[in-house]
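Engineer: Sequence:
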Amino acid sequence: MGDYPSKKTRISSVFFTDQIFSPALSNDLVREEIYCIIMKQLTDNKNSVSEARGWELMWLAVGLCEPGTLLLQELNLFLSSRSHIKLAAESLQRLEKRKNKSTRKVPPHLEEVEAVQQKMLKILHEVHFPNGNDETFEINSSTTAADLCQEIAKHLRLESAEGFSLYIQIGDKSYSIPDESYYFDFLRSLTTENNAKSKSQKKGEQGASTVSYEILFQKKIWVETIPGDDLQADLIFHYNQMFPTYFKGYHKCNKEEAAQLGALVYRVMNGEDESNLSQFPEILSELMPIDLMCEQPTQEWTDQIISAFHKYKGKNKEGATVEFLKIMSTWGTFGSEFFEVTQVSESNLPGKLILAINENGVHLLDLKTKAQHMRYPLSKISSCKSDDSSFVIVLKSSLDTDVEFKCLTKMGYRMQDLLSSYMKLIN
1 MGDYPSKKTR
11 ISSVFFTDQI
21 FSPALSNDLV
31 REEIYCIIMK
41 QLTDNKNSVS
51 EARGWELMWL
61 AVGLCEPGTL
71 LLQELNLFLS
81 SRSHIKLAAE
91 SLQRLEKRKN
101 KSTRKVPPHL
111 EEVEAVQQKM
121 LKILHEVHFP
131 NGNDETFEIN
141 SSTTAADLCQ
151 EIAKHLRLES
161 AEGFSLYIQI
171 GDKSYSIPDE
181 SYYFDFLRSL
191 TTENNAKSKS
201 QKKGEQGAST
211 VSYEILFQKK
221 IWVETIPGDD
231 LQADLIFHYN
241 QMFPTYFKGY
251 HKCNKEEAAQ
261 LGALVYRVMN
271 GEDESNLSQF
281 PEILSELMPI
291 DLMCEQPTQE
301 WTDQIISAFH
311 KYKGKNKEGA
321 TVEFLKIMST
331 WGTFGSEFFE
341 VTQVSESNLP
351 GKLILAINEN
361 GVHLLDLKTK
371 AQHMRYPLSK
381 ISSCKSDDSS
391 FVIVLKSSLD
401 TDVEFKCLTK
411 MGYRMQDLLS
421 SYMKLIN
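Okay, so the sequence shown: first residue is 1 according to full-length UniProt numbering, each after it adds one.
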């Protein structure tokens, strides 16, 4: 394994590892045979290049799956007796991390293969947060999304990781990683699919090609989220995810609330510093949605926001952040993710709508007024589905046929994932 030179063609680093490990992941006997062959290759091998390739394969193998009980004992002894070899010691540690975990579903990702080939065995990734900050975390072959979520939550001193999710951002699309999925399994499957759709692999290149991506960590499921209960979550996530939805004008908001929120946004930005108040009305557009600004003269908004600013005297940036969220949390659309769609099912509804999804169900909102036309509670939804151009909600019905609400959107994949996640909570 790994002994023979290949033809000079553009071959991805994972081309050969795919051929070796794909059969082993789905067949126990092949898995046992692979381990036996690797150990044989590493026993009294006079060819240093062949031996080096063998250790690379061993390192990859123990990150994917365990052999059966009897062979596992032999493998442990084999690695322990060679612990003076760096990759043997590393493989033994990886085998221990994999203990009692399920077998990976797909062969190693390109990052794993290149890590062992380049002898840079720690795979580090930046994880981006909604407040614009990022932190670096180690991801190994047996890391699940839940593992990394817990590690990040602990590092950020959050009260809990519940409701948070990892996302892979590729271009303008982001995909939530299921908690139980191995990070590199999900990434490999996603990037392979992305390559297939974009036809990005050039002629003559074999195996997986690289795809540029980022890792995001965000609040996904907003259930019983009470502002003030977890200040760290409020400051890093809740405010920075909710403010954009307010600023885009997706929520129904009256003038009094808008003035209060504008004053609080100012305090989040400036704290107790009053010097920037002199910049009104120029900064008004930074504090509230454009559509609300049109509801009354600029000077009235300026007077009301400055008055509200003084009423909140003593509120520092953190206090203003929590107060902002407390006002928003009284709205039925708090914690929602919003999608602009074209519905094709209800003749009595406008064609273009805003569809919001949160713990209260699916809200159909007027595109201009943000008034709620209809709401489908989670308890009334049977299932949902999507394709590249549409999203469909299947409603529970006493009729023999399904009742469906269909809308046209390119965000169906994300809507299906989010709604399905909320539905799991009540099933």
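Do not rely on the hints blindly, as some may be mistaken.
List time: in silico DSS-like cross-link candidates among lysine-lysine, alpha-carbon distance up to 30 angstroms [as the list claims (entries may be wrong)]:
hint, residue 1, residue 2
1, 252, 410
2, 173, 154
3, 380, 424
4, 105, 122
5, 352, 317
6, 311, 380
7, 219, 86
8, 317, 220
9, 410, 396
10, 406, 396
11, 119, 99
12, 122, 97
13, 317, 248
14, 99, 86
15, 313, 252
16, 252, 311
17, 173, 255
18, 220, 173
19, 424, 154
20, 380, 410
21, 385, 368
22, 86, 101
23, 105, 46
24, 368, 410
Simulated restraints on C-beta separations [to be verified]:
hint, residue 1, residue 2, range
25, 299, 395, 23 to 31 angstroms
26, 273, 151, 18 to 26 angstroms
27, 151, 373, 36 to 44 angstroms
The set of hints was computed from the structure by calculation and includes no laboratory data.
Note that CB positions come from ideal geometry on N, CA and C, so glycine has one too.
Engineer: Next, verify each hint and record whether it holds.
Structural biologist: Okay, the hints, checked on the actual structure:
Our distance criterion of 30 angstroms between C-alpha atoms is met by residue 252 and residue 410, whose separation comes to about 25 angstroms. Simply put, residue 173 and residue 154 have alpha-carbon atoms about 27 angstroms apart, close enough for the 30 angstroms limit, and the pair holds. Distance hint between residue 380 and residue 424 is fulfilled; the C-alpha atoms sit about 13 angstroms from each other, no more than 30 angstroms. Pair hint residue 105 plus residue 122 holds up; C-alpha atoms about 22 angstroms apart against a cutoff of 30 angstroms.
With a CA separation close to 37 angstroms, the supplied pair residue 352 and residue 317 exceeds the 30 angstroms bound. Pair hint residue 311 plus residue 380 does not hold up; C-alpha atoms about 43 angstroms apart against a cutoff of 30 angstroms. Under the criterion of a C-alpha separation no larger than 30 angstroms, the hint pairing residue 219 with residue 86 is inconsistent with the structure, at around 40 angstroms. About 24 angstroms separates the Cα atoms of residue 317 and residue 220, which keeps this hinted pair within 30 angstroms; it holds.
The straight-line distance between the Cα atoms of residue 410 and residue 396 is roughly 25 angstroms, inside the 30 angstroms bound, and the hint therefore holds. With a C-alpha separation of about 15 angstroms, the suggested pairing of residue 406 with residue 396 holds against the 30 angstroms cut-off. Simply put, residue 119 and residue 99 have alpha-carbon atoms about 24 angstroms apart, close enough for the 30 angstroms limit, and the pair holds. Using a Cα cut-off of 30 angstroms, the hinted pair residue 122 and residue 97 holds, with the two alpha carbons roughly 14 angstroms apart.
Annotation: proposed proximity of residue 317 to residue 248 holds, straight-line Cα distance about 22 angstroms (limit 30 angstroms). Restraint check for residue 99 and residue 86: satisfied, since their Cα atoms lie roughly 20 angstroms apart, inside the 30 angstroms limit. Restraint check for residue 313 and residue 252: satisfied, since their Cα atoms lie roughly 27 angstroms apart, inside the 30 angstroms limit. Straight-line distance between C-alpha atoms of residue 252 and residue 311 comes to about 23 angstroms, which keeps the hinted pair within the 30 angstroms bound.
The suggested pairing of residue 173 with residue 255 is violated, with an alpha-carbon distance near 34 angstroms, which exceeds 30 angstroms. Restraint check for residue 220 and residue 173: the C-alpha separation of about 15 angstroms stays at or below 30 angstroms, so the hint holds. Using a Cα cut-off of 30 angstroms, the hinted pair residue 424 and residue 154 holds, with the two alpha carbons roughly 25 angstroms apart. A hinted pair counts as satisfied when its Cα atoms are at most 30 angstroms apart, and residue 380 with residue 410 qualifies at roughly 24 angstroms.
For the given pair, residue 385 sits about 27 angstroms from residue 368 by alpha-carbon distance, which is consistent with the 30 angstroms threshold. Restraint check for residue 86 and residue 101: the C-alpha separation of about 24 angstroms stays at or below 30 angstroms, so the hint holds. Restraint check for residue 105 and residue 46: the C-alpha separation of about 34 angstroms exceeds 30 angstroms, so the hint is violated. Restraint check for residue 368 and residue 410: satisfied, since their Cα atoms lie roughly 21 angstroms apart, inside the 30 angstroms limit.
For residue 299 paired with residue 395, a C-beta distance near 48 angstroms fails the hint of 23 to 31 angstroms. Between residue 273 and residue 151, the C-beta spacing of about 37 angstroms breaks the proposed range 18 to 26 angstroms. A C-beta distance of roughly 42 angstroms is found between residue 151 and residue 373, which places it inside the suggested range of 36 to 44 angstroms.
Hint compliance for this structure: hints 5, 6, 7, 17, 23, 25, 26 are broken, all remaining hints hold.
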